[in-house]
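Listed below are the residues making up each chain.
Protein chains: 2
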Amino acid sequence: MGKVNIAVGQSGGPTTVINSSLYGVIKEAIDNSDKIDKIYGMINGIEGFIEGRVMDLRNDIENEDLELLTHTPAAYLGSCRYKLPESMEDSIYREIFMKFKELDISYFIYIGGNDSMDTVHKLSVYAKTTNSPVKVIGVPKTIDNDLTLTDHSPGYGSAAKYVATTVRDIVMDANVYDTKSVTIIELMGRHAGWITAASVLARKYRGDNPALIYLPEVPFDVEAFVKNVKKELDRKNNIVVCVSEGIKDEKGTFICEYSGKAGLDNFGHKMLTGCGKYLENVIKQELGVKVRSVELNVNQRCKAALASMTDIDEAIMAGRYGVKSCLLGETGKMVAFVRKDTDEYEVELKCVDCSEVCNKEKVVPREWISEDGTDILEEFIRYVSPLIQGENKPVIENGMPKYCYRR
Amino acid sequence: MGKVNIAVGQSGGPTTVINSSLYGVIKEAIDNSDKIDKIYGMINGIEGFIEGRVMDLRNDIENEDLELLTHTPAAYLGSCRYKLPESMEDSIYREIFMKFKELDISYFIYIGGNDSMDTVHKLSVYAKTTNSPVKVIGVPKTIDNDLTLTDHSPGYGSAAKYVATTVRDIVMDANVYDTKSVTIIELMGRHAGWITAASVLARKYRGDNPALIYLPEVPFDVEAFVKNVKKELDRKNNIVVCVSEGIKDEKGTFICEYSGKAGLDNFGHKMLTGCGKYLENVIKQELGVKVRSVELNVNQRCKAALASMTDIDEAIMAGRYGVKSCLLGETGKMVAFVRKDTDEYEVELKCVDCSEVCNKEKVVPREWISEDGTDILEEFIRYVSPLIQGENKPVIENGMPKYCYRR
Numbered sequence: 025m026g027k028v029n030i031a032v033g034q035s036g037g038p039t040t041v042i043n044s045s046l047y048g049v050i051k052e053a054i055d056n057s058d059k060i061d062k063i064y065g066m067i068n069g070i071e072g073f074i075e076g077r078v079m080d081l082r083n084d085i086e087n088e089d090l091e092l093l094t095h096t097p098a099a100y101l102g103s104c105r106y107k108l109p110e111s112m113e114d115s116i117y118r119e120i121f122m123k124f125k126e127l128d129i130s131y132f133i134y135i136g137g138n139d140s141m142d143t144v145h146k147l148s149v150y151a152k153t154t155n156s157p158v159k160v161i162g163v164p165k166t167i168d169n170d171l172t173l174t175d176h177s178p179g180y181g182s183a184a185k186y187v188a189t190t191v192r193d194i195v196m197d198a199n200v201y202d203t204k205s206v207t208i209i210e211l212m213g214r215h216a217g218w219i220t221a222a223s224v225l226a227r228k229y230r231g232d233n234p235a236l237i238y239l240p241e242v243p244f245d246v247e248a249f250v251k252n253v254k255k256e257l258d259r260k261n262n263i264v265v266c267v268s269e270g271i272k273d274e275k276g277t278f279i280c281e282y283s284g285k286a287g288l289d290n291f292g293h294k295m296l297t298g299c300g301k302y303l304e305n306v307i308k309q310e311l312g313v314k315v316r317s318v319e320l321n322v323n324q325r326c327k328a329a330l331a332s333m334t335d336i337d338e339a340i341m342a343g344r345y346g347v348k349s350c351l352l353g354e355t356g357k358m359v360a361f362v363r364k365d366t367d368e369y370e371v372e373l374k375c376v377d378c379s380e381v382c383n384k385e386k387v388v389p390r391e392w393i394s395e396d397g398t399d400i401l402e403e404f405i406r407y408v409s410p411l412i413q414g415e416n417k418p419v420i421e422n423g424m425p426k427y428c429y430r431r
Numbered sequence: 025m026g027k028v029n030i031a032v033g034q035s036g037g038p039t040t041v042i043n044s045s046l047y048g049v050i051k052e053a054i055d056n057s058d059k060i061d062k063i064y065g066m067i068n069g070i071e072g073f074i075e076g077r078v079m080d081l082r083n084d085i086e087n088e089d090l091e092l093l094t095h096t097p098a099a100y101l102g103s104c105r106y107k108l109p110e111s112m113e114d115s116i117y118r119e120i121f122m123k124f125k126e127l128d129i130s131y132f133i134y135i136g137g138n139d140s141m142d143t144v145h146k147l148s149v150y151a152k153t154t155n156s157p158v159k160v161i162g163v164p165k166t167i168d169n170d171l172t173l174t175d176h177s178p179g180y181g182s183a184a185k186y187v188a189t190t191v192r193d194i195v196m197d198a199n200v201y202d203t204k205s206v207t208i209i210e211l212m213g214r215h216a217g218w219i220t221a222a223s224v225l226a227r228k229y230r231g232d233n234p235a236l237i238y239l240p241e242v243p244f245d246v247e248a249f250v251k252n253v254k255k256e257l258d259r260k261n262n263i264v265v266c267v268s269e270g271i272k273d274e275k276g277t278f279i280c281e282y283s284g285k286a287g288l289d290n291f292g293h294k295m296l297t298g299c300g301k302y303l304e305n306v307i308k309q310e311l312g313v314k315v316r317s318v319e320l321n322v323n324q325r326c327k328a329a330l331a332s333m334t335d336i337d338e339a340i341m342a343g344r345y346g347v348k349s350c351l352l353g354e355t356g357k358m359v360a361f362v363r364k365d366t367d368e369y370e371v372e373l374k375c376v377d378c379s380e381v382c383n384k385e386k387v388v389p390r391e392w393i394s395e396d397g398t399d400i401l402e403e404f405i406r407y408v409s410p411l412i413q414g415e416n417k418p419v420i421e422n423g424m425p426k427y428c429y430r431r
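Those protein sequence lines, which keep their order, are chains A and B. If you count the first sequence from 1, you need to add 24 to reach the numbering used here. If you count the second sequence from 1, you need to add 24 to reach the numbering used here.
There could be a bad hint or two in this list.
Copies of the same chain are indistinguishable here, so a pair counts whether it falls within one copy or spans any two.
[To be verified] Subject to a maximum C-alpha distance of 30 angstroms in a straight line, what follows is the list of computed DSSO-like cross-link-like pairs (lysine-lysine):
{"hint": "1", "residue 1": "Lys308", "residue 2": "Lys27"}
{"hint": "2", "residue 1": "Lys275", "residue 2": "Lys254"}
{"hint": "3", "residue 1": "Lys308", "residue 2": "Lys348"}
{"hint": "4", "residue 1": "Lys107", "residue 2": "Lys125"}
{"hint": "5", "residue 1": "Lys51", "residue 2": "Lys228"}
{"hint": "6", "residue 1": "Lys308", "residue 2": "Lys107"}
{"hint": "7", "residue 1": "Lys255", "residue 2": "Lys426"}
{"hint": "8", "residue 1": "Lys260", "residue 2": "Lys123"}
{"hint": "9", "residue 1": "Lys348", "residue 2": "Lys417"}
Since the hints were made in silico from the structure, they are not lab data.
Start from the sequences and build out the full structure, keeping to the hints where you can.
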């Protein structure tokens, strides 16, 4: 049997470790050079591939850059948000597979989240129905941790670690003055509260801030929120509250939409803000205390220097496992993590059907959230703690992190 | 001559290294145990001291905690914003000096910014006019770097390093998609652009993002801004712009105030936003491209894990020098950094008159900013680079930074 070529692409929102999965794919392909010849990188995912934009990852990336990949945030190959059409009759499928054939690509690894697993699924179905030999495997990637059938996803551990440490820092900052104050920290997570839940790790002792934590999993009530903040303020001076950007009320309306009717500024532009800013105004109005809101924003997915080493290692493992799975003839599958039932944290990898992963969302179990919906319970802490262990050691040049990027 | 007691306090906004200066004060006092007996820490600065809140820093802080101080952000002793009255006849002065006498305090070290130097000055004047033997010395601390008569101030190097690395991370994040986008990063600095200027270090190569950098030192014109962004967008896909929170127009009106006439939300609350959010709306309206704004917010002054080791070391030096200066009989002075005229970066310390420091502001020299006010020049880079060198090695426990705090 002759050698085959492999292609790899990155898709969806960037994370701190999506490049570590790319590194794993490249390394595993190189380790199997007796079976794999060319390693193609799709520039800007499947969308760029359709336009013919690929690079040669075996020859066109310097060794030093390759090693920097695991410390480099965002997506080295560039990314896309592209959903394949439902109908397999659509000419786009034929186009893609013609490109595969042209470049003699037999394996395609797609690193991404929900939508990317949908792409993997569809391409594998198309391959089967057209008797194409191309194998397609998905490698999970999401800071949101909302992919099903896997214990967790690479990208989440680093986001959780960033949030936990940063909230701890902000709590220190919030404590310096001897006056009543409220700090509202808005965290990522439109539909699932995994990232926000990690803020519970910021507590240094029982009863420490963050005093209140709100996830989208539990309906949010503004009045109850004000009451809870007031109660906490009676107990101590400085209150820190963490909220998911995606908190919504009983009716399913996002709290951030409450600000939607805000007026226009001098230039006639509509001023839209997040739920944190909105709740800041509510507290200012209702309780009259010093209040500020902080959005951690994109740093949650790109602060490489504070990445979890466990997350980096697992992202590499997942990339390697993707290549191994192709070599074993698997297709239409996503690499998944299984947490072993051991005292010390241990994972093993397996393949799960992409069709069962795509277009589904895993949320934080209700029983990991306190009954009143304002706190995160021990079960979650046991779940998340192993994922944030280990410190990244970024390469530093002249006081700044050194990254690799396409020139 | 018998032993004397010393008091130390922290004041103003916290920084990542104000605790390193506290560490320096404690260590130097301990090193001079033949001359110094008790080391009092003022809880919440001079304001808490007036209320009688002090702690015994020689006996009531564990050794392990003492060593953690240099890795701990915010203010261990707590802080205050308190300006002493102009009139020396005010009874508050007598009260403070009675407390000094009560606790047998001969030396007082105040770690803080502009207002704190005003306090140092006033207390030293009061001491002189009342023949009190108390010596008062200020140790500089500000992320804003706006203290005069010193090359730079502890706290700034870490803020600059945080901003430079974080903007580099966000630039990586901004580059992943193949579509036109604008990212506006709002940075701290109400009156001086030192922090924002540091974003120039984020560039990995000539022509890299941030494409435009705006400081409060140069009047800001919204129309010219839109034109500049448009011009940059013609050159490349993803534009990152850095703006100081304090940018203002020709007339001195803060750009963030442009949003002040924004209407009310559903609950009747006024929605106020920063200049970043405001400019985001302007770009959306005028250019119709994908645009987002990011505020780095309090992380600029509390991200201990990313502190500059040079900054930490110098903060300790400054604290130690403050105690040494008291022992030499100095009073009403601030510890200042002098950059030596050497090829390799070297500083020495000296004392300057607080009366010449307080209530003044050092801004970025106009000649370090490009003529059109959208870029930062080489002179600034030479100035700031040495200040961000060296990585903090935080103490990690269970994947999280370990901090010390009063219990």
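Hints, verified against the model:
In this homomeric assembly, Lys308 and Lys27 never come within 30 angstroms of each other (Cα to Cα): the closest approach is 66 angstroms inside a single copy and 50 angstroms across copies. Taking the shortest alpha-carbon separations for Lys275 and Lys254, only the intra-copy value of 25 angstroms comes in at or below 30 angstroms, while the best inter-copy value is 41 angstroms. When the C-alpha separation of Lys308 and Lys348 is checked against a cutoff of 30 angstroms, the pair qualifies neither within a copy, at 56 angstroms, nor between copies, at 46 angstroms. Taking identical chains as interchangeable, the C-alpha atoms of Lys107 and Lys125 lie at most 30 angstroms apart only when both belong to the same chain, with a minimum of 22 angstroms there against 75 angstroms between chains.
In this assembly of identical chains, the alpha carbons of Lys51 and Lys228 lie at most 30 angstroms apart only when taken from different copies (26 angstroms versus 40 angstroms within one copy). In this assembly of identical chains, Lys308 and Lys107 lie within 30 angstroms of each other by CA distance solely across copies; the values are 25 angstroms between and 43 angstroms within a copy. Proximity of Lys255 to Lys426 under the C-alpha cut-off of 30 angstroms is restricted to the inter-copy arrangement: shortest distance 29 angstroms between copies versus 47 angstroms within a copy. In this assembly of identical chains, the alpha carbons of Lys260 and Lys123 lie at most 30 angstroms apart only when taken from different copies (28 angstroms versus 64 angstroms within one copy).
Taking the shortest alpha-carbon separations for Lys348 and Lys417, only the intra-copy value of 28 angstroms comes in at or below 30 angstroms, while the best inter-copy value is 37 angstroms.
Checked against the numbered hints above, the structure violates hints 1 and 3; every other hint is satisfied.
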